[in-house]
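**Q** Top line first, the protein sequences correspond to chains C and G.
Under my numbering, the first sequence has 90 at position 90, and the numbering climbs by one with no breaks.
Under my numbering, the second sequence has 291 at position 291, and the numbering climbs by one with no breaks.
Quick caveat, the hints were computed from the structure, so don't treat them as lab data.
Every residue, glycine too, gets a C-beta built ideally from N, C-alpha and C.
Incorrect hints may have been included.
As the list claims (entries may be wrong) - Here are the simulated distance ranges between beta carbons:
(1) G:Asp113 / C:Ser43: 45 to 55 Å
(2) C:Gly69 / G:Ala226: 49 to 59 Å
(3) G:Asp6 / C:Asp137: 28 to 38 Å
(4) C:Gly69 / G:Leu220: 31 to 41 Å
(5) G:Ala115 / C:Asp26: 44 to 54 Å
(6) G:Leu220 / C:Ala119: 53 to 63 Å
(7) C:Ser73 / G:Ala68: 54 to 64 Å
(8) G:Gly45 / C:Gly69: 44 to 54 Å
(9) G:Ala115 / C:Ala119: 27 to 37 Å
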Amino acid sequence: MPATPLIAYAHVGKSFDDGRVVAVDDVSLDVAEGEFLAVVGGSGSGKTTLLRLANRLIEADRGRIAVEGEDVSRIDPILLRRRIGYVFQSGGLFPHLTVAGNIGITPKLLGWPQAEISARVDELLDLVRLDRAQHRDRLPHELSGGQRQRVGVARALAAKPRIVLMDEPFGALDPLTRDALGDDYRTLHRELGLTTVMITHDMTEALLLADRVAVMHGGRLLAQGTPADLSASTDAYVGELMRTPRRQAERLGALLPRDGAA
Amino acid sequence: MSHLPDYLGSHVRVSVSALALGLLISLPLAIVARNRPVLRTALLGLASIVQTVPGLALLALFYPLLLALAALTAAWLGFSFSAFGFLPAVLALALYSMLPVLRNTITGLSGVDPAVLEAAEGVGMTPRQSLTMVELPLALPVMMAGIRTAAVWVIGTATLSTPIGQTSLGNYIFAGLQTQNWVFVLFGCFAAAVLALVVDQLLALIENGLRNRSRIRTALGGLGIAALIAAMLVPAIARPHARYVVGAKTFTEQYVLSALIAQRLQAAELSATTRAGLGSNVIFDALASGDIDVYVDYSGTLWANQFHHTDIRPRAELLGELKATLAKQNITLFGELGFENAYALVMPRKGADEIGIHSVADLASRAATMSIAGDYEFFSRPEWAGIQKAYGLTFRAQRQMQPDFMYAAVASGEVDVIAGYTSDGLIAKYDLVTLADDRHAIPPYDAIVLLSPKRRDDEAFKAALRPLLGRIDIAEMREANLRASGNDASSSPDAVARWLWEKVGGK
């Protein structure tokens with residue numbers, strides 16, 4: 001018997017402005033436990049809406065969404081959000097709280113004892129590779145973009161969620177930081193046994209980080225599968241999206257000496 | 001100067017209460033309105049309108065409003081409250097404080113980055129947690145700026161609460177303006193400004209502490225405010241409550257007479273205090289409702305303004321009728337002091353002699369080429385209509401002036417005639433002459449002592465006041481008023497009242 005998916009969308013639809021704008025149109029998608037799924041699409045494709053439906057930052061109009069087997073419409077949205085980690089675009093940190101205050105926020109909301117929160121903050125700073133002593137009491141505006149996003153990841157993981165949702169988490173970072181952070185997160189995902197859904201508009205990033213990639217366009221789910229599956233897709237839009245990383249790989253392959261000690 | 005703890009204490013009490021009430025109303029309103037554009041626009045519009053009402057008018061309006069309300073609660077709910085002094089001042093000032101608090105709180109809250117609000121929701125905050133843990137802390141600097149503005153406005157405007165019976169630093173200003181004691185005026189302004197600055201800086205300290213998460217600074221600021229309030233409450237509690245309150249309107253003669261009455265009461269070992277600078281619309285109601293026990297009014301003023309008579313009666317008849325009317329309200333017309341402070345048309349003696357004007361009737365042929373000045377109410381009073389009708393006067397121009405400046409203006413020829421007061425000391429000082437009113441167009445203005453309903457049968461009280469009746473003639477009152485308009489120590493109302501008693505007491 002196959003394991004129940006940790007997140008399951010079934011014929012989900014969402015429109016805005018009294019139905020004039022259809023953001024998500026009849027999408028069905030399963031995310032298995034331990035899976036790293038990337039959802040790729042351009043702006044207006046509905047990918048962010050799809051992500052937010054999972055923790056009810058947005059309410060679905062049609063269809064059913066289940067998280068850990070439970071219909072989300074029957075769960076208190078506040079409690080639902082506290083058990084799902086969420087990483088915002090460019091951090092979304094609270095500017096008036098220190099790094100420790102930001103990371104410890106969900107445990108605090110859950111009523112953990114202060115000592116436990118404090119210990120968890122230290123643990124998480126180690127996990128996202130930030131120096132405890134140096135960063136604990138800083139305010140977000142004193143950090144670099146990469147450090148802010150590390151704090152954002154730590155905050156998402158603070159209450160030990162099984163699921164992490166990420167909204168273009170590395171989009172605003174320079175390529176080096178982005179690479180390092182992506183790799184670090186990938187390691188965390190594996191070591192902590194997380195289930196991750198990441199939104200991105202960058203197909204290369206999606207292919208490099210995720211186990212499986214879903215492609216959204218105009219509110220519809222065009223394709224989903226492993227990089228190999230997508231390569232074989234006959235859909236014109238998917239083909240177009242796949243062309244860029246493929247061409248980049250070919251050109252880089254031609255430009256860089258194969259035996260070079262990088 | 002000996003009044004400073006009392007004035008300052010009252011000023012702080014009324015300002016702090018008003019600010020606290022204003023915050024208590026404005027902050028929740030702003031929070032409720034922040035996501036409701038229609039309500040927000042309506043609130044800000046309303047608060048802006050309140051702001052355009054001059055502070056003095058707003059304060060004065062609250063008095064009759066509360067008086068009517070007190071009458072309603074007395075009739076329906078069986079209890080009444082004092083519509084005098086503290087309550088109307090606090091309500092009006094609280095209303096005054098709302099605009100900056102509302103505007104800055106709404107601006108501050110709506111200025112919070114939507115991405116941060118989204119994050120608050122995303123990490124699992126309830127709307128209330130989002131408000132208290134994220135939105136309010138982030139809006140705090142802007143909100144505090146509004147609160148500081150409100151504090152400064154309230155402390156400044158509180159000086160205007162003197163005429164509705166609330167003791168404040170405005171007592172210095174109003175007394176100083178009336179007696180032309182500019183040191184008093186400046187001192188009152190200066191004290192209010194210092195108080196405003198101190199409170200502003202304490203609030204700034206709290207804001208700074210909150211922003212930089214320095215508990216010490218926040219605590220210091222809070223302690224400062226608490227200490228200020230505590231210091232102001234101590235004299236209020238420690239001060240024995242005077243049994244008798246003597247009221248006075250806003251001009252020199254009234255300051256002197258109220259001081260004289262208070263001194264007589266104290267001499268009879270009755271504790272007494274004065275409540276000076278009351279608006280003439282407020283003082284009668286204050287007496288009727290027992291907020292003050294005694295004051296001096298003028299028969300013609302009551303006749304025309306309070307009871308809206310337009311006919312003019314001979315003085316004895318008018319007094320008799322007035323006594324009967326007042327008795328219906330349980331107010332005692334205790335007696336006359338002996339002089340009249342009537343309106344009179346006044347000219348420089350020299351100029352009047354030169355062109356042969358000795359009575360109002362002589363003016364008729366020349367009025368068309370002359371200008372006249374009166375106080376702020378004279379031209380809308382029935383006496384003016386009466387004079388115009390009786391003598392057929394039409395002047396080339398009429399101007400309104402601060403009473404104390406009128407005499408100098410007519411002496412220097414800036415205006416030709418003024419509607420002065422017969423007991424004013426400046427008539428002698430500037431060598432002016434009052435024109436005879438042969439046709440009795442101006443009603444008699446005998447200075448009369450009025451007692452509040454609850455003092456109707458207070459024999460000890462009446463015995464202490466009785467020696468004043470019939471003792472003060474117009475020449476003595478003029479001289480007392482002239483003395484009181486000086487700038488030195490011997491011109492304080494208390495000193496002049498003592499001088500006056502020495503002069504008339506032995507009669």
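**Q** Taking the Cβ atom of Leu220 of chain G and the Cβ atom of Ala119 of chain C, is their distance within the range 53 to 63 Å?
**A** Violated, since Leu220 of chain G and Ala119 of chain C (Cβ atoms, about 33 Å apart) do not stay within the stated range.
**Q** Confirm or reject the claim that Asp6 of chain G and Asp137 of chain C have a C-beta distance inside 28 to 38 Å.
**A** Taking Cβ atoms as reference, Asp6 of chain G and Asp137 of chain C lie about 49 Å apart, which means the hint is violated.
**Q** The hint says 45 to 55 Å between Asp113 of chain G and Ser43 of chain C; measuring C-beta to C-beta, is that right?
**A** 20 Å, violated
**Q** Please check whether Ala115 of chain G and Asp26 of chain C have a Cβ separation lying inside 44 to 54 Å.
**A** With a Cβ separation near 30 Å, Ala115 of chain G and Asp26 of chain C fall outside 44 to 54 Å, so the hint is violated.
**Q** Could you see if the CB distance from Ser73 of chain C to Ala68 of chain G stays within 54 to 64 Å?
**A** 56 Å, holds
**Q** Taking the beta carbons of Gly69 of chain C and Ala226 of chain G, is their distance inside 49 to 59 Å?
**A** 56 Å, holds
**Q** With 31 to 41 Å as the target window, see if Gly69 of chain C and Leu220 of chain G comply at their CB atoms.
**A** 55 Å, violated
**Q** In this structure, is the beta-carbon distance linking Gly45 of chain G and Gly69 of chain C contained in 44 to 54 Å?
**A** 53 Å, holds
**Q** Tell me if the beta carbons of Ala115 of chain G and Ala119 of chain C are separated by a distance inside 27 to 37 Å.
**A** 29 Å, holds
Of the numbered hints stated above, those contradicted by the structure are hints 1, 3, 4, 5, 6, listed in ascending order.
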